[in-house]
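Undergrad: Please put together the full structure from these sequences, using the hints given.
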Amino acid sequence: MSYVSPPRMLELDMDLEELAYRLNAFQGEEGTTFDALVTEENILEVSCSNNDEFPIHITTTETQILSVSPLFTTAELEPGNSHELNEIFLRLSPAVPLSSIGLQGSTYILFGSMALDTRFENIAHELEIQAENTVDVLEAVEHLLA
Amino acid sequence: MGVLKDLFAAVKGGANEVGEAIIDANAIRILEQEIRDAENAINSSKQSLTRMKSTDIRLKREIHALSEDVKDYEEKAIAALEAEEESLAVEVAERIAEIESEHNEKSAEQAALESEIDKIHKMIKAREHTIQKNKRELDKVRTVKELQRATESVSSNFAATGTSQHRVAKALERVKSKQQNWQDRMEAGDWMSEADANSDLDAKLKAKGIGNSETGGASDVLARLKAKKGG
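If you're matching them up, the sequences are chains A and B in order. If you use our numbering, the first sequence corresponds to residues 1 to 146, in order. If you use our numbering, the second sequence corresponds to residues 147 to 377, in order.
Because the hints were derived from the structure by calculation, they are not lab data. Glycine included, every Cβ here is placed at the ideal spot set by N, Cα and C. Possibly wrong hints are sitting among the right ones.
Chain A stretches covered by chain B per the calculated footprint, using a threshold of three residues with CB under 8 Å from any CB of chain B [said to hold, decoys possible]:
#, stretch
1, 22-30
2, 43-57
3, 130-141
TA: Have a look at this one:
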């Protein structure tokens, strides 16, 4: 084909493997470090030192990096609390910096998205914040869990 | 096709699992195919456009040449009339009429061509819009799919995906105690470096003989004794 195709959407400057490598080597200002690995399903799994109990799952689309922190499933709620939980989450979500709260299937998640060409330092920073947010959000609704 | 509309409909219908049911492989295949089709159509349109443009240029040149011819012959016809060469003038006039007719034909052809070219430009633009729109739809579809994948991926950290009792509470406890340890170590580190700094300071003062209780104490005592002795 000799024609010039319309401008393609950006490709990830570094792929998930490279992102994992850089995260593993990273040290934040407050001493934050990461443990990162790419799973067989090609999902980047990251544990942040400020919260290593709730890892972040990272994937990409043609335009974005998506970072998902699974929180808990609807089955882990004390029966009868889902309405209250949903309302708390709705009210809470806008106040959480950089992350949003959502429901995927029956799993509540915290998630963030960044442009594919985000600088690495900003990616690391967002992940740090997301891990921190996870603790805060869970503490806020802990009392509603079974 | 509106991905979000479909999603909303599914949620409204009480679907707990918004996954393969909504974003089926077909949706992605259809979008990708539409994008490919549009790109191919644009490609062949651009090739036609190139051919049309060169015809357009040729026609414009020919029309211009014909106009020049008419002007030329008109001058000659006038000259013939002035030279009272009536029959010649008539011949020239006939010739002019022929050229003008050809000129009109070609002008009409060129005008039609120009309108075709314009139509194709508009169509290419419309197709490009379609491509961009489909790409955005596709990205939405992919985002939904990737979010689902990322959520359901089984963590290598079992604490995160087990379903034991009070899983979250226990995990939070562990996180907080780790943070506390870290903080304690930080504070201990601060205290240590503070203690170091204090002993540094004392050493400095001592070196200058300031507030040195030993020598100060003895000489004070001597002074007192002398004073006693004196008085």
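Undergrad: Each hint should be assessed against the structure and marked as holding or not.
TA: Cross-check of the supplied hints:
Under the rule that three or more residues need a Cβ within less than 8 Å of chain B, the assignment of the stretch 22-30 of chain A is violated, with 0 such residues. Given as covered by chain B, the stretch 43-57 of chain A passes the check, having 10 residues with a CB less than 8 Å from a CB of that chain where 3 are the minimum. Evaluation of the coverage hint for the stretch 130-141 of chain A: fulfilled, as 3 residues show C-beta separations to chain B shorter than 8 Å, against a requirement of three.
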